[in-house]
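Asks: Sequence:
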Amino acid sequence: MFKRSIIIIDEIQNLEALGSAVQKSVDFQLVLATHDVMAARNCIVDHKPSLILINPYLPGLNGFDFIKRVMNYAPTSVVVIYSSSVVMEAMGTQTIASGAIGAVARTDFKQGRLFDEVFKSIKNVMQSHERPLTPSVVAPSHGSAGNPNHGFPLIAIASSTGGTEALKELLPRLPQGLPPILIVQHMLPSFTRAFSENLSKISAFTVKHAVDGERIDANTAYLCPGNFHMEVKKTGPLLHIKLQSEPPLHNVRPAADYLFHSIAKLSAAASIGVVLTGMGRDGADGLLAMKKGGSYNIAQDERSSVVFGMPKAAIDRGAIQSILSLHDIAGAIVARSRRIRGD
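Mind the numbering: the sequence shown is residues 622 to 964 in the working numbering, read in order.
Just so you know, the hints here were simulated from the structure itself, not pulled from any lab data.
Don't take every hint at face value.
Here are the computed lysine to any residue pairs in the SDA-like style, where the Cα-Cα straight-line distance is at most 20 Å [said to hold, decoys possible]: (1) Lys-822 to Gln-797; (2) Lys-854 to Gly-915; (3) Lys-854 to Gly-834; (4) Lys-829 to Arg-794; (5) Lys-863 to Arg-836; (6) Lys-689 to Phe-929; (7) Lys-913 to Gly-939; (8) Lys-669 to His-656; (9) Lys-689 to His-656; (10) Lys-913 to Pro-774.
Assemble the whole structure, with the sequences as input and the hints as a guide.
Replies: Set out below in structure tokens:
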């Protein structure tokens, strides 16, 4: 049975218990458990593990800078270990900003929930990085297809590793008065609400934690909650959010392809698709479907991406019209939105 490799970086007194827990797991194989940061760095480069568990407060270690460097030279899934749930919640913003996919509290280890609950949540994200998306994957059903509706301009954004920082740079560059923005960021459920509130504080428009059945309005961005797929549905003259718990698509939930395919069936010709930095291939199929319907699609370039996996996959599928640096994407979105409006 295939097991994903894991490296643990923590205080020496915790290593035996954590290593023992990994050995009992059917999903993970321990490569290294160490308090030596240099040894961990070398092992990460040599073995490219599937997952890193790291205590960011080891002596002599700036854990968050370390995670950012890992994302540059050996990108992988990182989960941060905190002493308690209180600390974990307080450090939520810094955790996601570093590029980590989530965090666990030390108390979870004592209660034996770590591998039962936390790894169950992150396995879907990790599998999306490991298994390539192939053309044989069937898109989710969205009811009867019709001609693209030019009356519903939408902006849809997908991102994963490095995406939290990319969104924090992109959204503040966008002005008020844009069409609705729908965002799928691969992230554990415990972090999406706080992240949406963070984005709202630095943006010229409201960024909401999407709610099932909610009406979609202009001058508003909607962040997909963790562990749900998000789609756009038309009810009479209005558009609404649809959240659903279908099985992971391409082994990930949320999957941006659910959002992109729903827009392709409904409103492609009036819409803009964007894929930002991230591991894996989520979004490539959906963006291609949108492009065939007339959308304008943008991919973040390799130089400004933390990980070029998702943008490259969309480019390789022929789903992208423009490949731009993160700094230039906002201007392209604004220009295209004005063209759609006929300004």
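Asks: All the hints need checking, so say for each whether the structure fits it.
Replies: Hint check results:
1. Lys-822 to Gln-797: Distance ~14 Å between Lys-822 and Gln-797 Cα, so the pair holds.
2. Lys-854 to Gly-915: holds (19 Å)
3. Lys-854 to Gly-834: Within the cut-off at roughly 9 Å; holds.
4. Lys-829 to Arg-794: holds (17 Å)
5. Lys-863 to Arg-836: holds (10 Å)
6. Lys-689 to Phe-929: holds (15 Å)
7. Lys-913 to Gly-939: Judged against 20 Å, a Cα distance of about 10 Å means the pair holds.
8. Lys-669 to His-656: Since the Cα atoms of Lys-669 and His-656 sit roughly 18 Å apart, the hinted pair holds (cutoff 20 Å).
9. Lys-689 to His-656: Holds, at about 19 Å.
10. Lys-913 to Pro-774: holds (16 Å)
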